[in-house]
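Read left to right, the sequence shown gives residues 3 to 231 (this note's numbering).
Hints listed in this document are in silico derivations from the structure and should not be mistaken for laboratory results.
There's no promise every hint is true.
[Stated by the list, open to error] Subject to a maximum C-alpha distance of 35 angstroms in a straight line, what follows is the list of computed DSBU-like cross-link-like pairs (lysine-lysine):
1. Lys153 x Lys178
2. Lys101 x Lys153
3. Lys128 x Lys101
4. Lys225 x Lys153
5. Lys225 x Lys128
6. Lys102 x Lys57
7. Lys57 x Lys128
8. Lys52 x Lys102
9. Lys65 x Lys52
10. Lys178 x Lys102
11. Lys57 x Lys178
12. Lys57 x Lys225
13. Lys65 x Lys218
14. Lys102 x Lys65
15. Lys52 x Lys178
16. Lys153 x Lys218
17. Lys153 x Lys65
18. Lys52 x Lys153
19. Lys218 x Lys57
20. Lys218 x Lys101
21. Lys57 x Lys101
22. Lys128 x Lys178
23. Lys101 x Lys225
24. Lys65 x Lys178
25. Lys52 x Lys225
26. Lys225 x Lys178
27. Lys128 x Lys218
28. Lys225 x Lys102
29. Lys218 x Lys102
30. Lys178 x Lys218
31. Lys128 x Lys102
32. Lys128 x Lys153
33. Lys153 x Lys102
34. Lys101 x Lys178
35. Lys101 x Lys65
36. Lys128 x Lys52
37. Lys101 x Lys52
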Amino acid sequence: QISQKLYGREQEVAALMDAFETVSQGHTQWMLVAGYSGVGKTSLVQEIQKPIAEKQGYFIEGKFDQFQANIPYSALSQAFQGLMRQLLSEPGDRLENWKKRLLEALGPNGQIIIELVPELERIIGKQPPVQELNPTEAQNRFQMTFRNFVKAFARREHPLVIFFDDLQWGDVPTLKLIENFVGTSEVQHLLLISAYRDNEVNAHHPLMMAIDELQKRETAENKLIRQLF
């Protein structure tokens, strides 16, 4: 039998940290970690938490659930709830600075993000209801607002790393949002890492289609996707 073990752990960790250094310079990248269940994908990624924290980066994570695939943005909500808890543990003056930065970034649309990340309300306070829009306009507003939310954290002084586990069960809206982040030059200093079971996806899976779409936009100078197998 051929072993399904992930070999070369030091080399893989080095590749992840190299991607972090790249985004620290102002890029955004999507690192894909593929492999069978149980080969150590999650523990591999979690090995970089400490070195990223030592470099002043934020590392947050969310895990997709096979039985919640119909709930949009579930892992994204989980990840940013964790980040809000990190901020709430910071000293009062720093928390006040975060409040100002987030209010400025979100403008009148703070309630949109609070609905996804309830802990945010503890930082920025209650927000006014948002204007009703048609579905297309509402989706565009959500993507713009969430992009501004992420940009508030993903900065040169503290790059942001978001780890999504079990992305083979990711919902289509989250995949579209990932495409939106990675495919635009507006978002910088952001590293997305996704672990997925490559034996559970095929060419027509939404994840593979998102990867294919982004690879079409790559250039030799601007590498959007890196893969670990």
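Against the structure, the hints:
About 17 angstroms separates the Cα atoms of Lys153 and Lys178, which keeps this hinted pair within 35 angstroms; it holds. At roughly 14 angstroms between alpha-carbon atoms, Lys101 and Lys153 fall within 35 angstroms of each other, so this suggested pair holds. At most 35 angstroms may separate the alpha-carbon atoms for a hinted pair to count; Lys128 and Lys101 meet this at roughly 12 angstroms. Using a Cα cut-off of 35 angstroms, the hinted pair Lys225 and Lys153 holds, with the two alpha carbons roughly 20 angstroms apart.
In summary, the hint linking Lys225 to Lys128 is not supported, as the alpha carbons are separated by about 40 angstroms, beyond the 35 angstroms threshold. Using a Cα cut-off of 35 angstroms, the hinted pair Lys102 and Lys57 holds, with the two alpha carbons roughly 24 angstroms apart. Between Lys57 and Lys128 the alpha-carbon distance is near 33 angstroms, which keeps this suggested pair within the 35 angstroms criterion. Distance check on the hinted pair: Lys52 and Lys102 sit about 28 angstroms apart at the alpha-carbon level, within 35 angstroms; holds.
As the CA atoms of Lys65 and Lys52 are separated by approximately 19 angstroms, the hinted pair is consistent with the 35 angstroms bound. The straight-line distance between the Cα atoms of Lys178 and Lys102 is roughly 29 angstroms, inside the 35 angstroms bound, and the hint therefore holds. A threshold of 35 angstroms between alpha carbons decides the hint, and for Lys57 with Lys178 the separation of about 29 angstroms falls inside it, so the pair holds. About 23 angstroms separates the Cα atoms of Lys57 and Lys225, which keeps this hinted pair within 35 angstroms; it holds.
Distance check on the hinted pair: Lys65 and Lys218 sit about 27 angstroms apart at the alpha-carbon level, within 35 angstroms; holds. About 30 angstroms separates the Cα atoms of Lys102 and Lys65, which keeps this hinted pair within 35 angstroms; it holds. Between Lys52 and Lys178 the CA atoms are separated by roughly 29 angstroms; this keeps the pair inside 35 angstroms, and the hint holds. Of the supplied pair hints, the one linking Lys153 and Lys218 holds, its CA atoms being roughly 24 angstroms apart against a limit of 35 angstroms.
With a C-alpha separation of about 22 angstroms, the suggested pair Lys153 and Lys65 falls inside the 35 angstroms cut-off, and the hint holds. Pair hint Lys52 plus Lys153 holds up; C-alpha atoms about 22 angstroms apart against a cutoff of 35 angstroms. For the given pair, Lys218 sits about 32 angstroms from Lys57 by alpha-carbon distance, which is consistent with the 35 angstroms threshold. Between Lys218 and Lys101 the alpha-carbon distance is near 38 angstroms, which puts this suggested pair outside the 35 angstroms criterion.
Note on Lys57 and Lys101: the hinted pairing holds, with a Cα-Cα distance of about 23 angstroms set against a maximum of 35 angstroms. Using a Cα cut-off of 35 angstroms, the hinted pair Lys128 and Lys178 holds, with the two alpha carbons roughly 29 angstroms apart. As the CA atoms of Lys101 and Lys225 are separated by approximately 34 angstroms, the hinted pair is consistent with the 35 angstroms bound. The suggested pairing of Lys65 with Lys178 holds, with an alpha-carbon distance near 17 angstroms, which does not exceed 35 angstroms.
Among the hinted pairs, Lys52 with Lys225 is consistent with the structure: their alpha-carbon atoms are about 26 angstroms apart, no more than 35 angstroms. Distance restraint check for Lys225 and Lys178: the Cα-Cα separation of roughly 19 angstroms lies within the 35 angstroms cut-off, and the hinted pair is therefore satisfied. Distance restraint check for Lys128 and Lys218: the Cα-Cα separation of roughly 42 angstroms exceeds the 35 angstroms cut-off, and the hinted pair is therefore not satisfied. About 34 angstroms separates the Cα atoms of Lys225 and Lys102, which keeps this hinted pair within 35 angstroms; it holds.
The suggested pairing of Lys218 with Lys102 is violated, with an alpha-carbon distance near 38 angstroms, which exceeds 35 angstroms. Between Lys178 and Lys218 the CA atoms are separated by roughly 15 angstroms; this keeps the pair inside 35 angstroms, and the hint holds. A C-alpha spacing of about 14 angstroms is found between Lys128 and Lys102, which places the hinted pair at or below 35 angstroms, so the restraint holds. With a CA separation close to 21 angstroms, the supplied pair Lys128 and Lys153 stays within the 35 angstroms bound.
As the CA atoms of Lys153 and Lys102 are separated by approximately 14 angstroms, the hinted pair is consistent with the 35 angstroms bound. Among the hinted pairs, Lys101 with Lys178 is consistent with the structure: their alpha-carbon atoms are about 28 angstroms apart, no more than 35 angstroms. At roughly 27 angstroms between alpha-carbon atoms, Lys101 and Lys65 fall within 35 angstroms of each other, so this suggested pair holds. Simply put, Lys128 and Lys52 have alpha-carbon atoms about 34 angstroms apart, close enough for the 35 angstroms limit, and the pair holds.
For the hint linking Lys101 to Lys52, the alpha-carbon distance of about 26 angstroms falls within 35 angstroms, and the restraint holds.
Comparing the model with each numbered hint stated earlier shows that hints 5, 20, 27, 29 do not hold.
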